[in-house]
Every structure is written in structure tokens, then in C-alpha cells.
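6 protein chains.
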Amino acid sequence: MRLLHEQTTTGAGDLFDGEVEVAVLPTGSVEQHGPALPLGTDFLAAEAVARGIDREDVAVLPTVPVGVSTHHRQFDGTLWADPETFEDYVGEILASMASHGVRKAVVVNGHGGNVDALSRCARRLRTDRLAFAAPWNWWSSLDGLDEELFGQSDIGHADGMETSMVAHLAGDLVREAALEEAEAGAADSWGRSVHGAEVGFDVTDFSESGVAGRPTDGSAEKGRKLYEQAVSELDALVGWLTEQPFDALLPEPHR
Amino acid sequence: MRLLHEQTTTGAGDLFDGEVEVAVLPTGSVEQHGPALPLGTDFLAAEAVARGIDREDVAVLPTVPVGVSTHHRQFDGTLWADPETFEDYVGEILASMASHGVRKAVVVNGHGGNVDALSRCARRLRTDRLAFAAPWNWWSSLDGLDEELFGQSDIGHADGMETSMVAHLAGDLVREAALEEAEAGAADSWGRSVHGAEVGFDVTDFSESGVAGRPTDGSAEKGRKLYEQAVSELDALVGWLTEQPFDALLPEPHR
Amino acid sequence: MRLLHEQTTTGAGDLFDGEVEVAVLPTGSVEQHGPALPLGTDFLAAEAVARGIDREDVAVLPTVPVGVSTHHRQFDGTLWADPETFEDYVGEILASMASHGVRKAVVVNGHGGNVDALSRCARRLRTDRLAFAAPWNWWSSLDGLDEELFGQSDIGHADGMETSMVAHLAGDLVREAALEEAEAGAADSWGRSVHGAEVGFDVTDFSESGVAGRPTDGSAEKGRKLYEQAVSELDALVGWLTEQPFDALLPEPHR
Amino acid sequence: MRLLHEQTTTGAGDLFDGEVEVAVLPTGSVEQHGPALPLGTDFLAAEAVARGIDREDVAVLPTVPVGVSTHHRQFDGTLWADPETFEDYVGEILASMASHGVRKAVVVNGHGGNVDALSRCARRLRTDRLAFAAPWNWWSSLDGLDEELFGQSDIGHADGMETSMVAHLAGDLVREAALEEAEAGAADSWGRSVHGAEVGFDVTDFSESGVAGRPTDGSAEKGRKLYEQAVSELDALVGWLTEQPFDALLPEPHR
Amino acid sequence: MRLLHEQTTTGAGDLFDGEVEVAVLPTGSVEQHGPALPLGTDFLAAEAVARGIDREDVAVLPTVPVGVSTHHRQFDGTLWADPETFEDYVGEILASMASHGVRKAVVVNGHGGNVDALSRCARRLRTDRLAFAAPWNWWSSLDGLDEELFGQSDIGHADGMETSMVAHLAGDLVREAALEEAEAGAADSWGRSVHGAEVGFDVTDFSESGVAGRPTDGSAEKGRKLYEQAVSELDALVGWLTEQPFDALLPEPHR
Amino acid sequence: MRLLHEQTTTGAGDLFDGEVEVAVLPTGSVEQHGPALPLGTDFLAAEAVARGIDREDVAVLPTVPVGVSTHHRQFDGTLWADPETFEDYVGEILASMASHGVRKAVVVNGHGGNVDALSRCARRLRTDRLAFAAPWNWWSSLDGLDEELFGQSDIGHADGMETSMVAHLAGDLVREAALEEAEAGAADSWGRSVHGAEVGFDVTDFSESGVAGRPTDGSAEKGRKLYEQAVSELDALVGWLTEQPFDALLPEPHR
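Protein sequences appear in the order of chains Y, S, X, U, G and D.
Take 1 as the starting number for the first sequence in my numbering and just add one per residue.
Take 1 as the starting number for the second sequence in my numbering and just add one per residue.
Take 1 as the starting number for the third sequence in my numbering and just add one per residue.
Take 1 as the starting number for the fourth sequence in my numbering and just add one per residue.
Take 1 as the starting number for the fifth sequence in my numbering and just add one per residue.
Take 1 as the starting number for the sixth sequence in my numbering and just add one per residue.
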């Protein structure tokens, strides 16, 4: 199976009884990515990576496009859901899949702001013994590629890493001419800290252009490498999941 | 503008200040459509119609794929959100757009089960004076086409009308060979009534195959006509909205 | 049994163990019905129909008088509850009855605005396997009487049909002298549609007097016929319910 | 005005602009009152007292019949709503009245279990500066009648005081023959205390028959006196309310 | 065991398997207590009484310091939580203890405003068969001491009784010089009643200094007696609880 | 001012009008810290650091002892609140302070599991323009001390860093004899990652003793250094806050 929504119910039923072991749900955001990258950067990347794996044992669910992006709200075009709403929407989708017997899942996430909500959601599904859903960001396991390609060890926002990804996936959505402007107004890194306290609640607190990092470092070729690495890791993660008995993934009893 | 998620934040800002007047949000469902049609039928149709209009004054938002489909839950592959969650998710997306100044919207809906939640959502946005969002089903204004093409005056489920739409939009997703089986197990019409009380809560209460209507009545050519009619009506609806001053769309004061 | 609230707990217990099979709960609204009909029209009608059946196997519960009437809020005297509050209040009452063993119910409803909330409520009770509650509007099954008496096939608001019902049940509550004024300011039908989109959120969007339909068509005699037809259908519905084993009313398992 | 639900919207509007100052909302419960008194005792009493006052400046709203009665749930026929649901339902009704300009209210309550929820509700309406709603139990201000008639200073449950009230209001609903049995299984007083801790959560924790007090002390004549005293106090309370400017009833600012 | 938070998890586990039978949770408030007593009066008293018992079979939990004090909000320094939040916070703490096998509890409360929320919380835990938690106010069972020492039979606010308690527990927190001023602006008793309706929603409605009662009646010596009486009653209450089989504390089944 | 709860309301009022600029709220948890450290480790540390600063311009609020610790629930003595409950409880306390004019705050946190909830809480208070609350963990700004003392750059759980802190603050609560056992069953670091996905939802998923890190590295002397560094950073953070005009701390408007 590849895309769940292209199957009929009877076809899906046959596959759930047989080869399909893991649901893969892409999540992202629609939010400012500075003057050069498209608003949909995060869900486009997540969707592409999720659909990039070539395995018979997964069902890829439709993408949840809008996420937790309140901190970008001062920038035009940003859409956002409350953390609780996003958590519930994702959780109910995964619980639906579980009701059909597909109780292992990977949430392929493209937006850092979703991480806390996805973590709460996954914890709840597991505590309720409904499903085991592993939240996974496409940039979480780059095996040194980030250092090698960008000389950095974490992702920024609309930075070289994201610019590369979009350049590879949908090159015409990168406004090349605006990359310099994006970088000129960028923060060096994400957030703003004062004596150890995080006081950068909104992106406007620390970035002029909405960007954190160096967009001009990006290229389609680097994007290809990121994409391939991400797909390969996701493939391995799914492989690991298929090997785990469902019960072994559930919480331990009281000690 | 066409697709919001392909714009940059700065590009979107320019358009919101100028030509864009109306947000268009496709909503649908992932749910059984019998043995012949894909699970994604409803959101695919809504998305295609929404993206089908050719106007500079609209921004088409990313599709909300999963809706209120609990009543299909006994069939494999059906995904569902609670009505409240769906209402909140859609409402928060539309409120986000309103915060950027785009306060008129059409929700292009492809799933009957979403109607009540969309209605509550639209009412709330209007009462709170945030936005005027008109929920609109693609089959709501067919100008007699339904009678002409199918001899019926309302939509069923996975019936000739929906089969036609999918046949036109994504023909290879129709399992032609299963249409007979779909029809054999179909209900004549949606629901089950006993002495005026609706007692068909789930589709399993009244349909064997999950279908209500006659799938074999469908054809790609009929689908083309439906699609063109729907796009034309949506175009007219958006045109009407652009002409209304926002304040004229808000609730009247106490009498 | 007739009225639950007139029984003692011990008397009720005996009846629940024996003859009582079905709980009947009247719901309505307190909302504008134009210048000629009383604010309580909807709950008075529902209560009268519910109490009109003459069967030993039902317990009629006290009337829930206030419902989902936000769309009438610009008119003096309209009371309303949030849809969620109304849904919860009704659902908790029916769940209470179920806890005593009376797990089948009919909600005799007199207000169209309650329908969605009652439907969600009934679905939830059934999915939770607590109770089977059939929402039923008194005008849902008129067997052609509406066409015959009023030349119309659906109910409006404070129209001839409702005027007749009040004229029959409580004639002195109809302000005859205001019927002409009510009709002069009335909409032809309920709601307002633009290119297939429902844009009449509030009654003030489409009616001057708050009325939809022709109040002057009403008469006490027509009301008597409506009432008798409604009571007869309700009797038949309860009869049908008593014959169903409770388990047969519960949702089917996964297919 | 007397009963709001018997007015038309236009009639109500005229009265709200003129003579009507205070909304009166009866609340009660449907719950066991032992083997001799009807389940509806509490709402019947509240409704009768509310409707007993003879003043032009009040609008009596329809009765909210079901209240917070979980602690009686082991007895047949008891209905209950969650405290939050009851609080919301009452609060939304009173807020509706406030939206029409009638911002002072008395909640005439017949059930002790409702008191906390009504208090939270009234506090919220006042803090939100929507309405001033005084919760008032019909037995709150008996001016020594309780001592004089029953030799007790507080109400029990289905005791002589409640028996008297029902005997006066609806004598045929008192099962005289069961009064002895009611008393034989009664608790001396409400609740159960252990070293100062209230451990009687449910009535079953401290009463065999569901009764607390001495039902045989009741009589219709005593009921008449109770009723007249209650109506007289309510009349005085409404009189006091009409004299207060609304702003003087709102919370004080920060000191 | 004495204080839970001083134990290790392994030590706690041993004690839960053996001697510990009852959890004791102090709750109070941070709210104005007039010009002479500290804001923390209520939680300090509850904590001291809870920690005052000398038994091996209890675990004293950390104090929940902030409670339901909205009605004191016009006075500087008052902190408050919504009743629902407080109820949930306390309930989740007690449910945690129950998950480790300690399913009996006493909530030692020092603030009258918490009583309703604690009662709802305790009822819910018991109905859900998770835990039996007895809410207990330190002044609930004074065996005549209140009459003897203060000539009153109930507690006020920042009155002689509370002044005594603080004088005994933390004498330097009593501003002796302000006691006269406190009393001069005090209400005679708590609240304000008009014809039997409670209309004193906020303390500012009935007290100038925030006090109800006679602070100058207090003394450290009286406080010592109050404290000893309270500790002794709490000890007896815990003793009673340890003797009850857990199942005997759960709700009775339907009658 | 130091401790808010020791002030009278009048004293607090004077200080709020004058010297007090910042509220400091300690939060922690009661949860397993392995066999050697007390359950209250996190709140004890937060409270001690918060009370350690010596400034006239702060009010230290009572400690919120129980936090988000579900992931430790398999270990005896762990108490936990739902993330939403904890977020609400903390947020309502800080909003109370803001209502008295103290609208800047630092949440001195001692438990990593609270971070997400505190972040949501702070964001909400700021977006609502009620308060600016900076969440701050005592280990967030150690200026290289962690590397110098423990050769590590982040905190574990019940590791050398926490052992040191408790040893300094309350040495007799460290069970020295159990430190070896704690370390023998410890995880090297927090959590468990598979191909970049975090799959260690509960501590039992990756640690035998509940510990992550090397408890035997701890000492009271190291604890003293940690404590002093933390207090010094907190002092600086408060100093920074006092210098910011409140309006400058609020969110920027739409760009």
C-alpha cells in the first residue's frame, strides 16, 4: 500500500489483514518561512519524506497541513491551531487507524512547533493502550549531514537546511532573489535567552525577516542529500516498528 | 493568488493588501465509499472544485482531509475526528486568515457528515465578529443537473454522482469491476426512518456495501458536467462575497 | 405510568421492573415566534404530544424547555443554551433513566434548532452502549397532512402549522389580531441561500417579523388534526421500540 | 407579566422596556423522595412558589426540572445532570434574559443539591458583569415557622416540611399510606459525619428509605403556611431587587 | 512515615506495602486575612494540623497552597484558582496516590471556600471507585471549644479563632498592632443575606477590613487548644479510616 | 518582601505599590528520584533557589509542589497532574498576581517534565496581555559548571547534579548507601531514541533504577556551587526583568 486515501475500504481491509503494519501520518504547518520560502514548507517536506519510502507494509495517511504556529502569527499567511486542537485532531486520526487494527504509527513531522503536542498525543494513545505512535521529525537523524553540509548541528527556521529541502522538492517555490534579504534580517539561531530563561515567545522577538539561520547556504543538491537521508532513516524506523510485537510497545506495569 | 501554501509570507501580505478578498478552504473526509470508490473521495472532490476556480481574488487554503465520519467507522480505512475537534480545527484556521485581514471565506465541503460542525463553526466566527465563512457543499447548487443526469434530487453516498466525480477527477481510482457489487449491496437512499424518527445512526444500519444510491449510473462525462457546474457556482458565490462589505455580513443588533 | 415526576421512587421501581419500556422526553425552546405566537410554542407542542399518548409502557419525563435558539437572539424573550450544554443536559437525563434499566427512549422535539444537538446526543449514548434514544420531531411524519392542510411539505417558523398547533392546544395564547402583521413581515421559507450556500445564520437575516411561512393559514381545527396525527405516529414509534430487543438497537461491530 | 413563555416576543419587548425588572427562574430536581412523595417534589415546590408571587415587575421563566442529584442515583427514577452542565444550562438561560435588558434575577430553588452549582453560576454572571442572579431556596427564610411547625431549624429530605408542601400543592401526589414506612427507614438528619468529616456522599450511606426527617409530621395546612411564608419572602426579595440600581449590584473594584 | 516528599521511591514502596494506610493532603489558600493576619493563614494552619499527627500509618503529602478565593480578589495578595482547576489538581494528586495502593485519604482543609470543590472531587474519586477521600476542615469538630473560647459556634474569617491559630503556630506573623483596625472594619458574621437570599458574593460586599468576627479575641494559648483539639480529631478520623475495609467505603449499588 | 504568604494584605498592597516588581513562583514535582534521593527533590530545589535571592523587589509565592510526572508513574510515591491542570493552576496563580499589579514573573522550575506546560502557560498569559512570566529552570544557565563539575552538559535525572543539590540543601535526605544501587540501574542518559524517534515515553522504558546519569558523582560541595550559581543567575534575571517596561515585554503587533 502507499496512500490510504487512494484505496477502497475493501482493498484497505485486505491490506490491514495482511501486509500493512504501520500507519505513517505527515504533519506540518502553514506559516511564514521568510521572504524566500513558501508558507507550506513544513508540510510539503513532511509529506514528501513520508511518501518517499517504498515499502508495502505502510499506509501513508493524508497530510495534516496546519499545526501549532501561534508564534509566527504576526506574519501574513500564517495559519495555526491551538495545541489542544492539533493534539486531538492527530490523536483521533491515529485512534481511527488503530480501530482497524493498524496500531503502530509514525508521525512524520515537519514543524518544530508541533513537537510538544505530538508528544502529548503519542503518550496518551499509548497510556490508553490504543496505539503506539512515534513522533519523528525529518531532521532528527541526519547522521552528521547537517554538520557536513551546513556546519551546524540543529535546524533553524527557513535556514539553509529548509531552503535546500524545498529547492529539491519544489524548486520553483524558492524565491531565489529574496534569499539575501531573508538572510540579512535573520537571527543567528532560534529563540532569545536571558540568563537561561527563554524569553523569545514569538519569532518577532528575535528575528526581523522571520528567519533563523543562513538561507543562502541552501541548494537543491544539498536538499537531495537531506531528503535521501531522511527517507532512509524513516524506512529504518518503520522496519524497526514492524519487528516489535505491539504488546512490547505498551507501557510497563507498576513496579 | 491560487494556493496559499505556495506563497511566501511577503507575497501573501502584498496580495492580502490588494487583490485577495476571500479564503477558500476545502474540507472532506477519509471514509468508506464502498468497494469501488477510494476512501479519499470527499476531500479529493472538494479540493478539485476549490482549486478549479480561476480568480485572482481568492486564496485557496490547504485541504482539511479528515472530517466527521464516525458513522462509517465499522468499515476499514475510515478515519474520523470528533465533531468538536473538527469544528475547532476548521474554525482556528479561518480565524488565522481573518487575523491577516482576509475575513470572508467559503468552506468548500465534500462530506455531508461535516455540515453540522461547519455550520456551528461558521456561526461562531460570525457571532464573534471575526469572519464570515459560508459553508458550501459542491453538490448544493446543481441547477437541475442531478435530475437530468441521475434522475434524483439529492446526493447519496458513493452513488452515481460521486462515482462520476471521481471518474472525472481521478479515473484510475474507480474500481470499475466493483461497481456492480457496490450497487448490489446498496441502500436505495440514505438513512433509515421509523415513523418519522431517524434510526439509522451508522451506515451499517441501512446498507450492506456502505453505498446509498446507484454507483453504476456514474461516468466520467457526467462527472465533468458536475465538476464544471460546481466550479461555476463556486465562482459565482465568491463573486457575490467579494461584493459584500464585511460589516454587512455581520449579525444584526438586537431588535 | 404517565408522568415520571408524579411517581414515587418505589412506584417507579415497580413500573421499571414491569410495564415501562420506553422513556419519552419532551424538548423545545423558548424563542420568538413572531408577534402572534407565544415564546413557549415549541416546548408546549412537544409536551402536549408527548403527554398525548395513552400507553402503560412509557414514562414521560419533565420537559426540557430551553434549547438551541441563538439564531433568534435578536428578538426579545428568546432564551438559549449552547448546543453542547443542551446536548449534555439531555444526554445526562437519558443516561440517568438508562441507569434504572429504561434504556430505550424517544426525544419528542418541538424545535428544529435542537435537531443537530439531539442527533449527536443520541449517537453518543448509543456508541457508549448506554441507551437508544430516537430523536423525533412532532412534524416529521405527517402522512400528507401538511400538503393537504397547508399546501406545503415542510414546516416553517411560526407559520400556519405552528399557529394551528397552538390554536388547538392553548387557543388564548394566539394573538389573532397580530397574525396579519406576522405574515406581512414573514419570509416565504426558512433561511437564505446564495449560490447554494446557506447564508441565513440568524432569523434576522431573512425575516422582518421573525416568521417564515403563512401564519394566517392556521386554525384550531387544523391543529387538532396535526396533533392527532403526531400522537398517533408517536404511539406507533413507541410501539416499534418496545418490540426491539435492546441489543438489536446497538451499533454493529467492525466489519 | 407572569409567565414569560406565554408572551409573544413583541409583548415581551414592551414589558422589558417598561414594567419588568426581575427574572424569576424555578429550579428543582427529579429524585427520590422516599416511598411517599413524588420524584418531582423539588421542582413542583419551586415552580409553585415562583408562580405564586403576584407582581407586574417579574417574568417567571420555565422551570429547569432536573438538577444535581447524583447522590440519590441508587434510587429508581432519580434523574441528574453533572454540576457543570446544570450550572451552564442555568447560566446561559439567565444570560439570555440579560441580553434583553432584564439583568436582575432570582433563582427560586427547591433542591439543596443545586446550591453549590447555583452559587458558582451566580458568581460567574456577576463577575462577568452580565447579570445579578440571587439564588434563593424556598425554605431559606421561614421566620421561625420551621421551629413552630416542626420543631426543627433546617430542612431534611422528604421530611415533614416537604411532605407538607406537596400536601398543600398537590395533595393527591402524597402516598399517605407510605408515610409510616418512609419514616421508619429515615435518618434523623441529613448526612453522616465521622470526627467532623462528612462521609455521607450518597443518601444510601445514611438512610434506608431515602428520607431524612419525620414525614408523618407533615400536613396540608402546615404546607399552606410554608407556601405563604415562602411566597411572601420571595415577594420581598424581588421588591428589594427592583430598588437596587443594577450597577450597585456589581462587584466592587480592586481595593 | 511522615512526609511523603522526604521518602525515596523505594522507601515509599516498602511503606505502602506495609504500614501506610491513609494519605493526608493539606489544602488552604493564599488570600487576604485582614490587616493583622498573613495571607497564608489557611494553608499554614492546614499544614500544621496535618503534620501534627503522630502516626506511622499515614503519609502526609505536600501542601496545595492556593485554593478557591475569587471572593477575596479585591484585596492585595489574594491568589486564586478556578474551582474546576483546584478540584482537578487535588483529584489528580489523590488519584496518583491511589495508583500506588494508598486509596484512603483525608484532605485537611484550612479554607472554607475550598469546601464545595473538595466535595465534588471526593465524590468523583469515590464514584469512579479510585479512592475514598474525606474532606475535613480543621475547625469541623471542636467539641465545644469554639463556644468555650470564643462564645461562637462557627468560624468567621480572620476572626479570633484564626488569629489564635496563627498566634500559636507562627506568632511573629500576627501584626498585633493591626488587630484593632481589623476588628473595627469587620463584619459581625460571614456573608450578607436579604430575605433569605445570599447576596454577599465577595467579601467586599459585607466587610470593610476583609474580616468577619472579632480578631482581638484571639490568643496563642487559645490557639494551642484549638490546634491540639484539631490534631486529636484528625488522629481519630485517620484511625477510623484505617479500620474500614476499602470496599466498605465505596458507593452502594443500585437499590 | 520575601515570602508573599507571610505578608498581610495591607502590607502586600504597600509593597506592590512600591518596591515589588517581580513575582517568583517555584514549581517542581513529587516523583521518583531513584533509591537514593527523595521524592520531593525537584520542588525542594526550586523552592530553595527561589528563596535564595536576596532582593527587595520580588515576592516569592508558595511552591506548587506537584507537576507533570506521568512518565514516572510506575514508581511508588510519584504524584502527577495532567499537563492542562498544571498549566491552568500555575497560570491562574500568576494571573491573580497580575490583577494586583505585579505583572512580571519568573517561574523557578525544578522539573524538566513541567517545561512544555510552563511554556504554554507563559505564552498564553503574554498573548492575553495579562502578565510576562519567564519560565526558568535552575540548571539552565550554569556557565560551564556542569562541564567542570560533572563532565556533562545537560542534566539527567537523579544524577550527580541533582544528588549534589539535595546534598547541599538537605543532606540527611540523601540515602548515601543507595547511591551505588541507583547508579548500577541507571541509564547513561535520558530517554531512548530509535532512528531519531523518541520512543522512551516512560522512565521504565530506559532505566532500571529510575535514574539517568551518575549519582555517585554528587557531593554537597558541588551542590553548594550549583546552588550559588543558580541563585546568582536568578538574581540577574530578575534584575533584567525589573528594568524592562511592561509594555516592552508584550507581543509585537501584526507586521
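Keep in mind that the hints are not guaranteed to be accurate.
Beta-carbon label-pair distances, calculated as ranges [claimed, not checked]: (1) X:Thr127 to Y:Ala236: 48 to 58 Å; (2) S:Lys225 to X:Asp188: 22 to 32 Å; (3) G:Phe246 to X:Thr127: 52 to 62 Å; (4) Y:Glu180 to D:Gln244: 55 to 65 Å; (5) X:Glu56 to U:Glu208: 45 to 55 Å; (6) X:Ser153 to S:Glu243: 26 to 36 Å; (7) U:Arg2 to S:Asp128: 33 to 43 Å.
Some but not every residue of chain X turned toward chain U, in silico, with C-beta under 8 Å [to be verified]: (8) Leu4; (9) Leu79; (10) Trp80; (11) Ala81; (12) Glu176; (13) Glu180.
Calculated directly from the structure, the hints in this document are not laboratory data.
Virtual Cβ for every residue (Gly too), placed ideally from N, Cα, C.
Checked hints:
Between Thr127 (chain X) and Ala236 (chain Y) the C-beta distance comes to about 39 Å, which lies outside the given range of 48 to 58 Å. Between Lys225 (chain S) and Asp188 (chain X) the Cβ separation comes to about 30 Å, which falls inside the hinted range of 22 to 32 Å. Taking 52 to 62 Å as the suggested C-beta distance range, the pair Phe246 (chain G) and Thr127 (chain X) does not conform, at roughly 32 Å. Glu180 (chain Y) and Gln244 (chain D) have their C-beta atoms about 33 Å apart, which leaves the hinted 55 to 65 Å range violated.
Our hint of 45 to 55 Å for Glu56 (chain X) and Glu208 (chain U) is violated, since their Cβ atoms are close to 30 Å apart. About 33 Å separates the C-beta atoms of Ser153 (chain X) and Glu243 (chain S), a value consistent with the hinted range of 26 to 36 Å. As the Cβ distance of Arg2 (chain U) to Asp128 (chain S) is approximately 36 Å, the hint placing it in 33 to 43 Å holds. This hint holds: Leu4 (chain X) has a C-beta 6 Å from the nearest C-beta of chain U, less than the 8 Å allowed.
Hint on Leu79 (chain X) holds. Least Cβ distance to chain U is approximately 4 Å, under the 8 Å limit. Checking Trp80 (chain X) against chain U: minimum C-beta separation of about 5 Å stays under 8 Å; hint holds. Below 8 Å, beta-carbon pairs count as interface contacts, and Ala81 (chain X) has one with chain U at about 5 Å; its hint therefore holds. For Glu176 (chain X), the shortest C-beta to C-beta distance to chain U is roughly 12 Å, which exceeds 8 Å, and the interface hint is violated.
For Glu180 (chain X), the interface hint is violated, the least distance from its beta-carbon to any beta-carbon of chain U being 13 Å, above 8 Å.
The structure is inconsistent with the numbered hints 1, 3, 4, 5, 12, 13, although it conforms to all the rest.
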